[in-house]
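Dock chain B against chain A, hints included.
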Amino acid sequence: MSDETAPDDIPDMAAAELALGLLDGEDRAHALRRMLAEHGFAQDVERWRKHLAALFDLWPAMEAPRGVLARVERTIDGPAASPAVPAKRRLFWPVAAGLSSVAAAVMLVVIVTRPLPLSGPAPRPVAAAHAAILVASIDRGKAGAPVTAVYDPNSAALRLTPAALAEADRSAELWVIAGDGVPHSLGLLKPSGPSSFTVGHDNRARLATGAVLAVSIEPVGGSPTGLPTGPVVAKGALAPV
Amino acid sequence: MGSGARDCRAPPERASFGAVTDSSSAASRALAADPRARLVAALVGTGDEDRSAFRDLYALTSAKLFGICYRICGERQAAEDVLHDVYLTIWKRAGAYEPHRASPITWLATIARNRAIDWRRAQAVRRSSPIEDVPPILDEAPLVSETMLADEASHLLHGCLDGLEDNQRAAIRTAFFDGVTYAELAERQNVPLGTMKSWVRRGLARLKACLEASVGE
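From first to last, the protein sequence lines stand for chains A and B.
Each residue of the first sequence is one higher than the one before, counting from 1 in my numbering.
Each residue of the second sequence is one higher than the one before, counting from 1 in my numbering.
This is chain A alone, in the form it adopts within the complex (with noise of 0.2 Å):
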């Protein structure tokens, strides 16, 4: 936009300024596209990050207001875990949660795999339980068979089908793309065996029809940076069911 502005002899410094953080509005946008579209970009801005990173040394430390730690745990060991609530009684509702929403999903895989076209009314009568269950048949193009992910709004549980995608050095990051065209992470998907996640409140709302879910290999433990910096092997978007 501004670019035009600027005269020729100013180099293209994208990736370094998406690195810091600099831009915003569309020149982001587009510095995104191209960090999924451009392999050397990406690395580029990998490069970037690990040498701003030095800057951390640089800031001064602050002593965090107490109590932060407690909180982190008691929301680790989850809402069940309060101290009023007896250990024993923890246990049922996640169980009986997610036995339900494994055969919710099971269900719904057999529907989509089936020879049936996705647009057609055929599925309705097992969704129409319960809210629109979304499903996203995830292309991994001429690398394998598609992944299949199951989202159910009502549950927030997200489940995807095994698939190996990323080498044992790499991770396999899930994305979610919605209206403002910028990927934010569901998580990590495991090795082996099926994923499962439940989908945090920022997310829930950009889990809707029309929304793409894409798998980007980045370093082990994630996209260090909150945005994908590998490439992006597989994606699909979210149907109703």
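None of these hints come from the bench; they were simulated from the model.
Heads up, a few of these hints could be off.
Listed next, with one range per pair, are the computed distances between beta-carbon atoms [claimed, not checked]:
1. N190(B) - S155(A): 47 to 53 Å
2. D202(A) - D133(B): 25 to 31 Å
3. G25(A) - K92(B): 17 to 23 Å
4. E212(B) - T75(A): 41 to 47 Å
5. A37(B) - R66(A): 25 to 31 Å
Don't be surprised by glycine CBs; every beta carbon is placed ideally from N, CA and C.
Just chain B now, kept in the frame of chain A:
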């Protein structure tokens, strides 16, 4: 930089990281023994869902990460909430951390900075000036022995930044430490957006040339 630059890249007169963190906790003093090894152990233990390792990790790093969150968020409650999310993320992701691939503090600090920036952008907070009651960013890199980073290249950048024009260096540093966009940088310095972009791009181009030359040696 002449030969042997790698061994003397942090002159003895440089400000000490330890001096800044003295007030934070006993943990930072204990860190002096072998900060990185203890940090790696705490992070790897956290990955094994070891709660005491996680508490140790928190004791070692919460002051650093809170400093990051507070500066970028600009308000205490928000910084506290972001810090909570940061440690939750660390708890969930630590299992995949590989000590040989990344410095632990870079891994942790990057999560904190990105979370804080996300919060800031989501609020659409615009501050025309930096917040007041925050400790100043250090001017000089700390001694290698006192830094938790200890990455091969971590001191390259400091040397290369010193070679930039003042306005270039200031803008790049502000972007990093305050988590602000071009628009906010321009507003703060009271210069047109195009001017700010030109300062920063020229500075980054020079920085890149310096980094590439140093790495190539």
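Hints, one by one, checked against the model:
A hinted range of 47 to 53 Å for the beta carbons of N190(B) and S155(A) is consistent with their spacing of about 51 Å. For the hinted restraint 25 to 31 Å between D202(A) and D133(B), the CB-CB distance of approximately 29 Å keeps it satisfied. A hinted range of 17 to 23 Å is violated for the C-beta pair G25(A) and K92(B), which are about 30 Å apart. For E212(B) paired with T75(A), a C-beta distance near 44 Å keeps the hint of 41 to 47 Å intact.
Separated by about 28 Å at the C-beta atoms, A37(B) and R66(A) satisfy the suggested range of 25 to 31 Å.
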